[in-house]
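Start from the sequences, fold in the hints, and give me the full structure.
Heads up: the protein sequence lines correspond to chains A and B, in order.
Residue 691 in my numbering sits at position 369 of the first sequence; the count goes up by one each step and never skips.
Residue 491 in my numbering sits at position 169 of the second sequence; the count goes up by one each step and never skips.
Worth flagging that the hints you see were computed from the coordinates, not collected in a lab.
Careful, some of the hints might be misleading.
Identical copies go unnamed one by one, so any copy, or any two together, can satisfy a pair.
[Stated by the list, open to error] DSS-like cross-link-like pairs, simulated, lysine-lysine; straight-line CA separation at most 27 Å:
no.	residue 1	residue 2
1	Lys569	Lys417
2	Lys417	Lys330
3	Lys444	Lys410
4	Lys410	Lys330
Number of protein chains: 2
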Amino acid sequence: MTIKYLLKESDIPKQWYNVAADLPGGVLPPLGPDGKPVNPQALAPVFPMNLIEQEVSTQRWIDIPEEVLKLLLQWRPTPLHRALNLEKALGTPAKIYFKNESVSPAGSHKPNTAVAQAWYNKQFGIQRLCTETGAGQWGSALSFACAQVGLECKVFMVRVSFDQKPYRKFMMEAWGGKCVPSPSTDTAFGRQVLAATPDTPGSLGIAISEAIEAAVSDLSGKTRYSLGSVLNHVMLHQTIIGQEAQKQMEMAGDSPDVVIGCAGGGSNFAGLAFPYVREKIHGKKIDIIPVEPASCPTLTKSPFSYDHGDTAKMTPLLAMHSLGHAFVPEAIHAGGLRYHGMSPLVSQAVMDGLLRPLSIAQLECFEAAVLFARTEGIIPAPETSHAIAAAIREAKKAKEEKKAKTILFNFSGHGLLDLSGYNKFLSGQLVDHELSDDDIAKSRKCMEGFPSPKDVAARLKA
Amino acid sequence: MTIKYLLKESDIPKQWYNVAADLPGGVLPPLGPDGKPVNPQALAPVFPMNLIEQEVSTQRWIDIPEEVLKLLLQWRPTPLHRALNLEKALGTPAKIYFKNESVSPAGSHKPNTAVAQAWYNKQFGIQRLCTETGAGQWGSALSFACAQVGLECKVFMVRVSFDQKPYRKFMMEAWGGKCVPSPSTDTAFGRQVLAATPDTPGSLGIAISEAIEAAVSDLSGKTRYSLGSVLNHVMLHQTIIGQEAQKQMEMAGDSPDVVIGCAGGGSNFAGLAFPYVREKIHGKKIDIIPVEPASCPTLTKSPFSYDHGDTAKMTPLLAMHSLGHAFVPEAIHAGGLRYHGMSPLVSQAVMDGLLRPLSIAQLECFEAAVLFARTEGIIPAPETSHAIAAAIREAKKAKEEKKAKTILFNFSGHGLLDLSGYNKFLSGQLVDHELSDDDIAKSRKCMEGFPSPKDVAARLKA
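In structure tokens, the structure reads:
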């Protein structure tokens, strides 16, 4: 019996898959302060032009440069595992597979886009990248990638995670990156937030504002901003996950009925799911599930809207599910899922009826993570535990219904830098947080008066 | 250009290699309190008989049970990487390969023997294992393995590492293991040490004594002790590393001139090196280097002697290089290399002239580790950094001599649970520790009057 389905280095996908070419509802453009679609040139102070081209591209397949492939080959292709021990523990007739993205040097899927972004910036003559990080997965990944191609790296880390996970800073430093807690005194916006709310746990929205400010305020023009999720080019870079999984499921002589990934900004979910979204668009029956925390229910409880990607409203308006750019979520351990918005491409796929979003609270997720660790061995990141909890729900349903079923989920990262969360869970110190409808209505107030996606779509058609 | 040489699951070695069958000088037996070779039966309260049989075996190849192979396949075979970026950074004509044992769930080579030991104990009807751990790699690995086969696990962790690396405890707990700092109040010997030296940083020797006491004092007979290094059966289980590496080097169309591993108790070194020791015995020219810390120079500065494996003198006398069973090393970050003794098989191979031991101080090792992290991406364990430092020395020598050379080292584990060491190194808080000859003479006093290996060998011959 095979446990891991392994590809050869030569099997690595040579192109990224761009779902924007296939989404039946089309993709709504980002809007500027004037309510009109943003000219790509307007993004030039923030991103290098080669990545902006990818961001706005609707080309279905985009070649991966040879040098980026070489960077990816340091840990890719990643294994696809059959979770035989977990299946046995659950007594389920379902087959459970997981794609193991935890084998990268930074321990998650994040380096897939980090090495690509670092390489494109380097090609464009950039010397320094600024970014934000939630739980630290992205900041670590970008620090790693910058060391690989020879760029400086500065990371604004959401303060609650900075305090919960001190090793993340040390990790970034080992790769030569700099990491400060956000809000920080290094930016005007950070100082403003600190003055108003000195005890704020921070948020990804705030940290993004700081990182963008730090990038655009370097007048040498040699600094750019880098984002680890949400944007189209990030989703694009992650699609090698799903393309590899397709080949590996074929090796296993199997095909998934259910595809699952946790979703904060959407990138690991999209990475696994978009190649399967393409299969679904072409008629295959697949249940595709993004899983988010109950304390940050972007897809499950917030309407599709135009909103800013950051708290200081420095980004254009993006068409996405959003809890409001001023939203500051509870300090749950899945720091990477604490984002107020969601990838516009994932949001659009939900609007197109291609996905079935789900939210799960943290205790069920940690319970699933501990069961996974004790059966399959690898200790999951708290973010990843959301995908595992959903996979376990599906496996239990199959058991009740006495029905065979093939479940595939993305094991987006390991939890070796998040062990204090396990300690707190196992010693009974964690509780669930659920947002009330009132809380959500309040947090969405900051979006009042923003254009509606429906109106924008109609206007663009006319 | 290939970066990783990957084996298929079906390529996993089906037998362990026992170097005891091939060492030209033979292997000296453990001695009991009466100075006579220990009867295997005398070890029965400590280990299950199936492992004792392996411990004393001189059979060259020992079959790996099907069920143990299944456990190993959760992460094996491990990749062999060509360190192209490191080579480039060094500007060396040498080719550098490393065997990546960091991909196991516990992040090191330790699970190779942990799953085997847990499985054999379970087969023998044991319900609970007690062990010690230095840096925490072994305690984590055994907790993981016990979760896999369904055993309880208790770990005595050397206090200095327990304090330096709090996440290790959380990691063991995530797998259901229990972890206490050693010396502890849970054993008579621990209480005795604490009474005499309340501020002791602890040592592996002390922790081993506690774990053995905890095992043999369970009168139900359902508890045994498990050791993560030093003993013959542990070296045996690790030889899958070198056997895989041999196949992978063949895939690369290459063959190592130099084979390197860090050495504390000897197990990761032996795992990679012993299959190459066999090649060397059969006439191949290979420079095989165990690397130890300058602050614990067992192989490089201590004679081959009979000494106890633990501080309380509960183990038989073992023929090995030893700094003395009462030795308490400096609190260096490579906690896994802070052992007073050395595997008898590794020690014997040194006596047989098959190995060239080397000691390196901690600052050079951390510098090597940071260079490795920034070129090859993976952050090394402080233990592993000793092998990297030696590989870099060899690569620089090749550069000076303008000579091609193939270097293979064991990347025994990642440093994601040891990041505070990197933080201290990068902020200039670490210093080197070197033992003086006086210190060594003093620490070896506790061995006065013990039989000499030479005499024992002569007596056994007669």
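Outcome of the hint check:
1. For the identical chains of this complex, lysine 569 and lysine 417 are intra-copy neighbours only, at 17 Å inside a copy versus 32 Å across copies, given an alpha-carbon limit of 27 Å.
2. With identical chains, the CA atoms of lysine 417 and lysine 330 are at most 27 Å apart both within one copy (24 Å) and between copies (22 Å).
3. For the homomeric pair lysine 444 and lysine 410, the shortest alpha-carbon distance between copies (19 Å) is at most 27 Å, but the shortest distance inside one copy (48 Å) is not.
4. Taking the shortest alpha-carbon separations for lysine 410 and lysine 330, only the inter-copy value of 24 Å comes in at or below 27 Å, while the best intra-copy value is 29 Å.
In summary, this structure violates none of the numbered hints.
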